[in-house]
Structure formats: C-alpha cells, structure tokens
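Protein sequence lines, in the order shown, are assigned to chains A, E, D and X. Counting with the numbering used here, you get residues 1 to 151 for the letters of the first sequence. Counting with the numbering used here, you get residues 1 to 151 for the letters of the second sequence. Counting with the numbering used here, you get residues 1 to 151 for the letters of the third sequence. Counting with the numbering used here, you get residues 1 to 151 for the letters of the fourth sequence.
These are computed hints drawn from the structure, not numbers from a lab. It is possible that part of the hints are untrue.
Same chains, same label: a pair holds when it works inside one copy or across any pair of copies.
Unchecked claim - For lysine-lysine, the following DSBU-like pairs were computed, each having C-alpha atoms within a straight-line distance of at most 30 Å:
#, residue 1, residue 2
1, Lys2, Lys125
2, Lys150, Lys66
3, Lys66, Lys148
4, Lys66, Lys2
Computed from a predicted structure; not experimentally measured.
Protein chains: 4
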Amino acid sequence: MKKLIAVIGGSVINSEEVREIAFQTGKEIALRGYVLVCGGMGGVMEEAAKGAKSVGGLVVGILPGKDTAEANPYVDIPIITAMSHARNAIIVRSACCVIAIDGEYGTLSEIALAKVIDKPVFGIKTWDIEGVIKVQDAKTAIDIYEGKIKL
Amino acid sequence: MKKLIAVIGGSVINSEEVREIAFQTGKEIALRGYVLVCGGMGGVMEEAAKGAKSVGGLVVGILPGKDTAEANPYVDIPIITAMSHARNAIIVRSACCVIAIDGEYGTLSEIALAKVIDKPVFGIKTWDIEGVIKVQDAKTAIDIYEGKIKL
Amino acid sequence: MKKLIAVIGGSVINSEEVREIAFQTGKEIALRGYVLVCGGMGGVMEEAAKGAKSVGGLVVGILPGKDTAEANPYVDIPIITAMSHARNAIIVRSACCVIAIDGEYGTLSEIALAKVIDKPVFGIKTWDIEGVIKVQDAKTAIDIYEGKIKL
Amino acid sequence: MKKLIAVIGGSVINSEEVREIAFQTGKEIALRGYVLVCGGMGGVMEEAAKGAKSVGGLVVGILPGKDTAEANPYVDIPIITAMSHARNAIIVRSACCVIAIDGEYGTLSEIALAKVIDKPVFGIKTWDIEGVIKVQDAKTAIDIYEGKIKL
Numbered sequence: 001m002k003k004l005i006a007v008i009g010g011s012v013i014n015s016e017e018v019r020e021i022a023f024q025t026g027k028e029i030a031l032r033g034y035v036l037v038c039g040g041m042g043g044v045m046e047e048a049a050k051g052a053k054s055v056g057g058l059v060v061g062i063l064p065g066k067d068t069a070e071a072n073p074y075v076d077i078p079i080i081t082a083m084s085h086a087r088n089a090i091i092v093r094s095a096c097c098v099i100a101i102d103g104e105y106g107t108l109s110e111i112a113l114a115k116v117i118d119k120p121v122f123g124i125k126t127w128d129i130e131g132v133i134k135v136q137d138a139k140t141a142i143d144i145y146e147g148k149i150k151l
Numbered sequence: 001m002k003k004l005i006a007v008i009g010g011s012v013i014n015s016e017e018v019r020e021i022a023f024q025t026g027k028e029i030a031l032r033g034y035v036l037v038c039g040g041m042g043g044v045m046e047e048a049a050k051g052a053k054s055v056g057g058l059v060v061g062i063l064p065g066k067d068t069a070e071a072n073p074y075v076d077i078p079i080i081t082a083m084s085h086a087r088n089a090i091i092v093r094s095a096c097c098v099i100a101i102d103g104e105y106g107t108l109s110e111i112a113l114a115k116v117i118d119k120p121v122f123g124i125k126t127w128d129i130e131g132v133i134k135v136q137d138a139k140t141a142i143d144i145y146e147g148k149i150k151l
Numbered sequence: 001m002k003k004l005i006a007v008i009g010g011s012v013i014n015s016e017e018v019r020e021i022a023f024q025t026g027k028e029i030a031l032r033g034y035v036l037v038c039g040g041m042g043g044v045m046e047e048a049a050k051g052a053k054s055v056g057g058l059v060v061g062i063l064p065g066k067d068t069a070e071a072n073p074y075v076d077i078p079i080i081t082a083m084s085h086a087r088n089a090i091i092v093r094s095a096c097c098v099i100a101i102d103g104e105y106g107t108l109s110e111i112a113l114a115k116v117i118d119k120p121v122f123g124i125k126t127w128d129i130e131g132v133i134k135v136q137d138a139k140t141a142i143d144i145y146e147g148k149i150k151l
Numbered sequence: 001m002k003k004l005i006a007v008i009g010g011s012v013i014n015s016e017e018v019r020e021i022a023f024q025t026g027k028e029i030a031l032r033g034y035v036l037v038c039g040g041m042g043g044v045m046e047e048a049a050k051g052a053k054s055v056g057g058l059v060v061g062i063l064p065g066k067d068t069a070e071a072n073p074y075v076d077i078p079i080i081t082a083m084s085h086a087r088n089a090i091i092v093r094s095a096c097c098v099i100a101i102d103g104e105y106g107t108l109s110e111i112a113l114a115k116v117i118d119k120p121v122f123g124i125k126t127w128d129i130e131g132v133i134k135v136q137d138a139k140t141a142i143d144i145y146e147g148k149i150k151l
C-alpha cells in the first residue's frame with residue numbers, strides 16, 4: 001500500500017515564489033516515494049501535481065465537482081466526489097501528513113480538518129495556526145515526518 | 001421555510017463564562033425566531049441547545065456518527081450523517097449565519113468552511129481569523145445579520 | 001427527541017394515484033406524531049411534504065444542492081448538503097423507518113442504503129426488492145413499525 | 001489522466017465461481033489499461049484487486065472507515081472517506097463504467113447510484129435490475145464499453 005502526502009493550497013497563485021514552492025513540494029513528494037494527493041484543481045494543487053509528474057510521480061486528485069472537467073492536466077487518478085468542500089476532509093484523512101502552502105479559507109479548513117484527526121501538518125507561507133509546523137520546504141517537512149529530523 | 005443559525009464551538013467547556021455565553025446564544029437564536037442548528041453533541045453545542053429549548057426553540061443536530069446515541073438531550077431533530085467531520089460542511093451551509101464560541105480545531109474547520117462559501121461568521125471568544133466578525137453576544141450578531149446594526 | 005420517518009420516491013409524478021398516495025403518506029406521518037424527512041425536492045417528496053403540512057406537521061428536506069432554491073415550498077427545515085446523491089444515505093439513516101413510493105434509480109439507491117443498515121423499508125407501488133415490506137398505505141406501514149400489526 | 005473501472009460486489013464470497021469471476025474481472029481491467037476502483041474491502045473487492053495486481057495493475061480503494069486497517073492487502077491507493085456507505089456514490093462516480101458481481105444491498109445501492117448518474121453498469125450474477133447490462137465476463141463488458149461490441 002502506497003503512502004500519500006497531501007498538498008493543500010489556494011486555487012489561484014499570486015507569486016512566482018509560491019508557484020516554485022508548490023512545484024518543488026510535489027517533486028520532493030514523488031522523489032521520496034510518496035503518492036501526491038490534492039484537491040485536483042488549479043493553483044497550488046496544479047503546480048504541485050506538475051512537480052510530482054516531472055519526476056514520474058503519481059497524482060491523486062480528490063475533486064469537488066461532478067466530473068473530471070475541472071481536474072488539472074497533471075492528475076493521474078481523479079476521484080470524483082460531487083461533495084464540494086466536504087471533500088476536503090477526505091483529502092487530509094487519506095494522507096499520512098499534510099503540507100500547506102499559501103491558501104485561503106479552503107486551505108484553512110483543510111488544516112483544521114487535518115489537526116482535528118491528529119494528522120501532522122507542515123506549513124510553508126500559509127495560515128499561522130497553532131499546531132502547524134512551520135518549515136522552509138518539503139524536504140524538511142518529510143524529514144520531520146520520517147523522523148530524520150527531531151523537533 | 002425556517003431560517004437556521006448555526007452555533008459552533010468545542011465539545012468540552014472549560015469555563016462558566018463560555019457555558020453562559022453558549023446558553024444565552026441558543027436562547028437568543030430561538031427568541032429571534034430562528035432554528036438552532038449545531039453538531040448535536042456536548043459542550044457548546046449542548047449548552048446552546050439547552051438555551052434554545054429553555055424558550056421553546058427548535059434544535060437541529062447534524063451528528064457525525066451512525067446513530068442518535070451521541071446526541072445531547074436538547075436535540076429535537078437529529079440528522080445522522082455517519083460522515084465524521086465532513087458533516088461540518090453541512091452544518092454551516094444549512095445556516096444563514098454562523099456564531100462561533102470558543103472551540104478548537106473542529107470549530108476552526110467550521111469557521112473556514114463557512115467563510116469559503118461566504119456565510120457571515122460571528123465570533124465570541126474564539127479563533128482570531130480574518131473575516132470573522134468579533135461580537136460581544138448573539139444579540140449583536142443577529143442585529144448585524146438582520147441589518148439593524150451597520151458595520 | 002423527535003422520531004423521523006423518511007418518504008422516498010421520484011421527483012416526477014406520473015399518475016394521480018401516486019400523487020394521492022404521497023400526500024396521504026405525509027399526512028399520516030404527521031398525524032401519527034413523526035417528523036417527515038425527505039429529499040426536499042419535487043414529485044413524491046413535495047406531495048408528501050404538502051400532506052404533512054396540511055395537518056400541521058414538520059418537514060425536513062435533506063437537499064442535494066448548494067442552496068435552498070431547489071427546495072419544495074413545504075419544507076420547514078432545509079438541510080443543505082451540497083453532496084448530490086450521497087445525501088441519500090443521510091435521509092435514510094436519519095429515519096426510524098422508510099416508506100418508498102414509486103420512484104426510479106434514486107429511490108432504489110435509498111431503498112438499498114436503508115436495507116444495508118437494517119432500517120425497515122415499506123414499499124407502495126415501488127421497486128420489488130427482497131426485504132421491502134409491501135403495504136397498501138402509510139397507516140399499515142406505521143402500524144407495522146409500531147408493532148400494532150405483527151408480520 | 002487514467003480511466004477507472006469500478007468493481008462492486010459483496011464483502012463476503014459464497015462460491016468459488018464468484019471468486020474466480022471477481023479475480024478475472026480485476027485482471028481484465030488491468031490488462032485493458034484501466035485502473036481498478038473499488039470499495040477496498042474484502043470479498044469481491046479483494047479478489048478483483050488481487051486479479052488486477054496479478055498482472056501489475058493499479059488498485060484504488062475508496063474506504064468507508066476512518067483508517068487503512070480495513071483495506072484489503074491489494075489496495076495500492078487507499079482513499080479514506082470516513083463516510084460509511086455514502087462513499088458508494090464516490091466509487092461509481094469516479095468510474096467510467098461499473099461491473100457488478102454478486103453482492104447484496106450495498107452492491108444494489110451502488111448499481112442504483114451509478115444508474116442515476118447514467119454510468120454504464122454491467123452485471124455478472126448480480127441483482128436483476130432494469131438498465132443493468134447482463135454479461136458473461138469483464139471482457140465482454142469492456143468490449144461493449146469501448147464500442148467493440150454493439151448492443
């Protein structure tokens with residue numbers, strides 16, 4: 001059984017820095033042997049998916065709508081929930097840990113839904129919420145998750 | 001069709017002040033003619049429900065589990081979702097506005113899920129999140145919602 | 001805590017007989033002291049809701065969409081799931097028993113979702129499925145549910 | 001983007017014939033280049049997953065519970081919904097077509113949830129429901145789905 005890491009973040013990207021972070025995060029997740037799970041749409045989700053695919057990774061998109069039309073082109077496996085934002089709970093529960101990048105209220109809901117079920121949440125330039133572990137990059141996040149870095 | 005106001009907050013109450021706020025909030029919602037919708041469980045949800053019932057109000061509990069056993073004794077109408085925290089999205093979407101009192105990550109997820117669909121969220125001694133309107137009590141919250149107080 | 005009885009059936013009605021059965025079913029549910037829960041939309045759901053309201057009953061509509069616009073005018077309490085047909089599971093789980101009238105695949109899914117969690121399902125001119133108790137009217141269904149008629 | 005075919009069926013298998021059909025169905029799905037999506041648990045789901053893995057296929061399990069403990073050992077990608085049977089709607093919506101094998105009420109709910117959104121459903125020794133295309137094996141089902149056999 002593969003292990004999934006979730007990348008959560010806004011569906012619109014407002015800076016090249018965030019775009020690069022999202023891409024590198026997806027790439028790192030794939031290089032470390034994890035499947036990327038995300039909301040399957042644009043913005044941070046799309047850049048992370050693109051990053052994972054750039055090194056041959058696998059991308060699962062848990063979509064809010066009723067068909068695959070809204071999926072970004074880097075999603076390998078579209079899961080069609082037709083459940084709008086309630087699908088946010090599925091994204092974080094399916095992951096062994098969560099990396100939040102930038103984002104707005106949707107991302108905040110995912111951070112909270114992850115924390116309420118005790119999933120580790122790492123944050124890069126995102127909401128400053130108690131319990132979210134601020135990191136510089138995905139490498140650090142995964143090193144902490146894997147116990148290679150002790151907090 | 002009745003209008004519903006959601007009360008969200010922790011399932012454990014740590015102070016008499018929060019208990020009293022929750023009770024008065026439920027009471028005010030009922031007195032103003034709204035149905036109280038909440039997660040149906042203990043803590044803030046139960047006190048608010050008790051407050052609503054104290055003046056003859058109607059209480060809807062959107063439960064996370066598989067039966068009514070977890071419902072607090074003031075729930076009139078139990079909605080059994082068997083969807084764990086994904087039901088948080090249903091609570092806030094069913095409401096015309098949301099009053100958050102105290103609370104932890106579950107409450108934070110509901111605040112965020114409400115804001116992402118543009119529901120007005122009022123906060124009393126809760127998470128300090130951009131876009132949440134801080135109020136002293138439910139009377140003020142409902143006055144703002146009804147346009148009796150202009151922001 | 002009130003007890004809910006679900007009425008499930010098609011969103012389009014093709015005969016006056018089905019219309020009358022749906023109306024009388026909603027009426028009987030209310031007269032017997034139960035809350036009517038249904039999918040909140042047109043057809044059998046609307047006629048049953050109308051019947052319940054004709055005698056002062058209470059109607060809960062578990063809606064599939066994102067707002068109340070789709071609710072029929074007899075719904076008192078709209079629960080907005082934004083979950084499309086996944087909300088069918090919530091309708092039947094919230095009920096103590098289910099009365100199926102006519103209907104197509106949506107109704108069949110509700111019959112099956114009710115049976116898989118061992119809810120009693122009564123059928124009037126609906127799908128002929130093993131385990132569904134065929135009855136002539138809602139009075140008989142509720143009499144069986146309440147143990148006044150032994151099978 | 002990969003295309004998914006859903007296999008639905010009982011979590012208990014009562015005959016060697018059904019076991020073999022489930023295994024061959026999963027194998028055929030993988031050989032034809034599709035991802036297998038199923039409920040991720042035992043019985044028909046597990047045999048189909050085993051069949052897909054026997055030829056190097058990919059298996060997505062949309063699980064009803066709160067963790068991966070209930071997943072069968074052939075699931076590659078566990079999606080953890082914590083939504084009980086409401087997850088049945090996600091399984092069939094994520095698939096381009098559905099193959100039903102044997103099964104009880106849970107399977108019936110999936111057949112109905114698929115038909116209500118116009119997904120092709122093929123049936124092998126399962127519920128006899130109008131609109132389900134009876135086939136001898138998965139090869140025939142996929143040939144029909146792909147237009148190689150005209151009905």
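The hints, checked one at a time:
no.	hint	result
1	Lys2 with Lys125	within (28 Å within a copy, 32 Å between copies)
2	Lys150 with Lys66	between (42 Å within a copy, 28 Å between copies)
3	Lys66 with Lys148	between (41 Å within a copy, 27 Å between copies)
4	Lys66 with Lys2	both (26 Å within a copy, 17 Å between copies)
In this structure, none of the earlier numbered hints is contradicted; all agree with it.
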